[in-house]
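Protein chains: 4
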Amino acid sequence: MVVILKQKAKKEEILTLIQWIKAQGIDVHIVEGTSTTILGLIGDTSLVDEDAIKANDIVANVRRISEPFKAANRKFHPNDTIVDVCGKKIGGGNFQVIAGPCSVESREQINKIAKDVQASGAGLLRGGAFKPRTSPYAFQGLRAEGIEFLIDARKTTGMPIVTEIMSAAHIELFKDVDIIQVGARNMQNFELLKALGTLNKPILLKRGLANTIEEFLMSAEYIMAGGNENIILCERGIRTFETATRNTLDISAIPLLKQLSHLPVVVDPSHAAGITSLVEPLSKAAIAAGADGLIIEVHNDPKHALSDGAQSLTPEQFDHVMNSVKRMVDFEGKTL
Amino acid sequence: MVVILKQKAKKEEILTLIQWIKAQGIDVHIVEGTSTTILGLIGDTSLVDEDAIKANDIVANVRRISEPFKAANRKFHPNDTIVDVCGKKIGGGNFQVIAGPCSVESREQINKIAKDVQASGAGLLRGGAFKPRTSPYAFQGLRAEGIEFLIDARKTTGMPIVTEIMSAAHIELFKDVDIIQVGARNMQNFELLKALGTLNKPILLKRGLANTIEEFLMSAEYIMAGGNENIILCERGIRTFETATRNTLDISAIPLLKQLSHLPVVVDPSHAAGITSLVEPLSKAAIAAGADGLIIEVHNDPKHALSDGAQSLTPEQFDHVMNSVKRMVDFEGKTL
Amino acid sequence: MVVILKQKAKKEEILTLIQWIKAQGIDVHIVEGTSTTILGLIGDTSLVDEDAIKANDIVANVRRISEPFKAANRKFHPNDTIVDVCGKKIGGGNFQVIAGPCSVESREQINKIAKDVQASGAGLLRGGAFKPRTSPYAFQGLRAEGIEFLIDARKTTGMPIVTEIMSAAHIELFKDVDIIQVGARNMQNFELLKALGTLNKPILLKRGLANTIEEFLMSAEYIMAGGNENIILCERGIRTFETATRNTLDISAIPLLKQLSHLPVVVDPSHAAGITSLVEPLSKAAIAAGADGLIIEVHNDPKHALSDGAQSLTPEQFDHVMNSVKRMVDFEGKTL
Amino acid sequence: MVVILKQKAKKEEILTLIQWIKAQGIDVHIVEGTSTTILGLIGDTSLVDEDAIKANDIVANVRRISEPFKAANRKFHPNDTIVDVCGKKIGGGNFQVIAGPCSVESREQINKIAKDVQASGAGLLRGGAFKPRTSPYAFQGLRAEGIEFLIDARKTTGMPIVTEIMSAAHIELFKDVDIIQVGARNMQNFELLKALGTLNKPILLKRGLANTIEEFLMSAEYIMAGGNENIILCERGIRTFETATRNTLDISAIPLLKQLSHLPVVVDPSHAAGITSLVEPLSKAAIAAGADGLIIEVHNDPKHALSDGAQSLTPEQFDHVMNSVKRMVDFEGKTL
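Residue numbers (our numbering), protein chains in the order written: chain A, 9 to 344; chain B, 9 to 344; chain C, 9 to 344; chain D, 9 to 344.
Derived by calculation from the structure, the hints in this document are not laboratory data. A hint or two may mislead.
Taking CB as the label site, the calculated pair distances span [what the hints assert, rightly or not]:
hint : chain 1 : residue 1 : chain 2 : residue 2 : range
1    : A       : D52       : B       : T251      : 19 to 29 Å
2    : A       : D52       : B       : T164      : 38 to 48 Å
3    : A       : D338      : C       : G95       : 27 to 37 Å
4    : D       : P86       : B       : E116      : 49 to 59 Å
5    : A       : S285      : B       : T24       : 15 to 25 Å
6    : B       : H85       : D       : G101      : 41 to 51 Å
For glycine and all other residues, C-beta sits at the position ideal for the given N, C-alpha and C.
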């Protein structure tokens, strides 16, 4: 950590600051320049509070040098984490496609789609039971009943199921879910993250719309700090000035996350683009950039879907996309 | 609502779509252009699902014309809402300053700051008991004990207290809090919003870092739809490309929110800028733009604050800012 | 074009507006709703001024339905444009890699790099002679002499040369350049675009840092409206809140631009990421998403480069990237 | 400047780097930490090329400590610059309102508006002769004839005139213009900035849509480095994800620019918001935040304006806004 002092800083004030820092078990080196003095902090600065230092009158700025995340950091865990979901592996050369409707609408619907996407090559089934909707007047999901229908579809197909949680109060309802998804809007719902950290179940953590890569990894760290290290990171587009697509898929996040962390990274091209015709090229790009999996929306009747129909593929379109996906995964030497 | 059809749309497909829309009790007018056909939907379209229409193969785009919020809409509620907190009024010409530390750190600290900010003219006391921190290793707040200390400071000073909730599971702990704050990261934590809608207590709703003004009002609508109409909106800066300030205060949001909604709007210049020297000019600008109140961070010892010291004012600095604030509120003809 | 009227609009005001629109040769259909009236404008609305209509007191909003670009529009020109640069083809299944240093620094340097990148498979040589630098105190390029050195490197290698223009006043100096590049900062330098529209020479148009895909195509339209239809579009990253990368590569722009326009699209992974280790994954992703070419920075001695060393590959690194690029181009069935 | 080295950096590589930096006349202090080594660079680092250092294999990151601008820096020029335009002063407690139409449309129009805005209290007249329009098919301005009409309006009213330049090739046409405006799209048209640096005429420099405050000041520095120190900075809104307003007025930029630089700062509420009803509150907020002037669009017939009618005030609306502006300027103790 580097502390840059203001020009006007007095000798005695600087000494007081240094003593305060040293009292935290951190060593301090002074670099006196012609117009500025900087302090180099040496030791484990992960627990030093930047804000407390910045609050000092004589401090112009503080720069952190080492990453603030540990459990998620590849430096301390060089090998890829492989998340194993009932035998379906994600990461370390293993690739999975998670597919299904935005919302679970009925037992028949989810069973039908599950069979369709499995036939096309999807390994896991997704479907929303609890739905985060911008409007209180929009369909909010079948909730507990939706999870029941997903479990039923798992019985029929053998596919592990992925569904989103919106509150720690619902954890009991998710005990038979295979992967619990944390949506973009809850990426910094820290009370929820802490609760998920106590489980022994894979978590699919989606990046928030306006969250940096560092904040994303810090949210993974929240869960891991609680003891649950089965995290799958999901890039799903960030919010920018561009309105031609629903969000802007941050393709660079894939290789960057893989460099910074050992956790597997999957991509959601459906939510990122919000346009069905972009699902195929974005899926291919994600694989080429190093993704470990995809999560794709498929609905047997998109125009009558109760949510997000605009970005859902029909089973036929999904089958077509899967042909490209399989070829590209194979080209990249990964196992689907 | 206007539905723009694709060029290739066939007569029979258009008729099917129209029938499906009409089945929802909405009337449809057709406008046939040289290259495009558009449908004008007439009636109460607030319950029509845009996504379901967009999912139709022949639909190029859907444009909503009327705002999707109702309870929060000034059109249906022309007079300013005045939120009354134990006699302290916000809105409708009444202005309040809410001040206090980012985190409650001890009984002595919060009592000391409460007296200081009250002496300078603050009407309400803020202080974080539950703290949303990016890092799991940072100070997370005194939690229940922090609320107890706030209540103690209220006893001493008579100031109503404002503090942030992070989970619906904690609502019982907030029963003696005067205003419950929803932080930026939880603006779309819909399960929390629904729970707060069942209370009979003012809610200070902060705008999310990447949320539009419409989404902000829809989150207020979530709480109001549950029956709790005591909402105070809080603009606290949005995330943009500019890094010179912590966030970018969206000053235009103040007059826009006042035009679109009847709810009072307060501004948090401390979090918006993250720089103490900007608190005064931004406070003045907020009042000039029509704000109904301010929420300002004050700490008796910012450099030893356990969170966000960098943006906290000392009581002396706050007293100085309050002189400007009082003059500006008076100039604007409002009552502090 | 759809015009949404305000609720308070009076019959006579509406009639006046309709007459004014009809006077421009546009037909108008009225759709009267319960709370809003909308006007559907029918005919060639590309010359109708949205702002003039919006300025009308009774107008709430105006929505354009058809794209405002024509020459660049795939609707009116379904086949891919193939830009032929001295026999090197870009577009329509033809792929090219443009490589070279950020700045031309000396005759020896550019000749050396040209041979190196050619040996690795690059088809065209890039190098900056006129350099847009944020600081007036930074190296501004060798200017005319830099172009001379590029021409010399073309003699040696036979590679067509690409270099950036910063002012229409310099056009004469570019008469022997094969492709003139318009940089991101000049994407809306309309006087420059108009001047380039009068030439008969390929233009590589880079997307501005904060420009939408529609504005990007409108800038291409500026050049094409002047008669020069040899445009190559270049996605090079947009400015967002994320600071882990220099810019955010908008990967979705590639398939979207290819859907909306017939012009070839190349990608600049070097400027988008600003990190050498991301050049390979982003290059592969770009090809997988449908790009027609790449433009990559290569410097024989990045640490002594006079500009942008941080993102330049060494010739060895470039050779390694080209192995991946060749395989991926081949996989996509394109010709390098 | 602080250089942060990678963990893997070897002793000999570090020494080579230090020697290379020292060869540029900069002293280097080494701070060896447990996991990272940092170098503190001491001396005038404004000419050191960050990119060249970053390109070094062993460098993880480079942080600049002192601002890269000098002529525009308040540190070296503590007193406010006052720009004097034919007796109308801007800065140092002097406030000016610049008003007029987006485009000059005819001699009569500009004369009429000039008299109107002068009667309401505007000190300078603005009007576009050369118009930067997104579409090549939109009205591009009366160009030379427009400037002639502005000069005519100056004769009638005595008001100094402000108009936008789009190319250095047009400078001769601007010889009788009192303030030359550089538009947002040309803020980094460096060839234009250099040309304006050689003039002895005030320049109104608008901030680019996606440019940071530091880049803004560096563009001022370009002009000042050429010898022309009569710069007026103009904040006019930045591009963000929010679409409710045309752009997002960055109100914090006003006090920040005033702290960092001695140059006067004016605000353009018309372009920032794009909504006439926001012009008054944003004008007041700008004054409260410390602005030295305003630039406001006024059109006698906004609905028939040839550009940007949507955001133009009528003379009556402008007169009403000026009443608020005068009171607020007076309240702030400035001279209009």
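Hints, verified against the model:
For D52(A) and T251(B), the hinted distance range of 19 to 29 Å is satisfied, since their beta carbons lie about 27 Å from each other. In this structure, D52(A) and T164(B) meet the distance hint of 38 to 48 Å, their C-beta atoms being roughly 40 Å apart. For the pair D338(A) and G95(C), the supplied restraint of 27 to 37 Å holds, since their beta-carbon distance comes to about 35 Å. Checking the proposed 49 to 59 Å range against P86(D) and E116(B) shows it is violated: the Cβ atoms sit about 41 Å from each other.
The beta-carbon spacing between S285(A) and T24(B), approximately 22 Å, falls within the hinted interval of 15 to 25 Å. As the Cβ distance of H85(B) to G101(D) is approximately 44 Å, the hint placing it in 41 to 51 Å holds.
Checked against the numbered hints above, the structure breaks only hint 4 and satisfies the rest.
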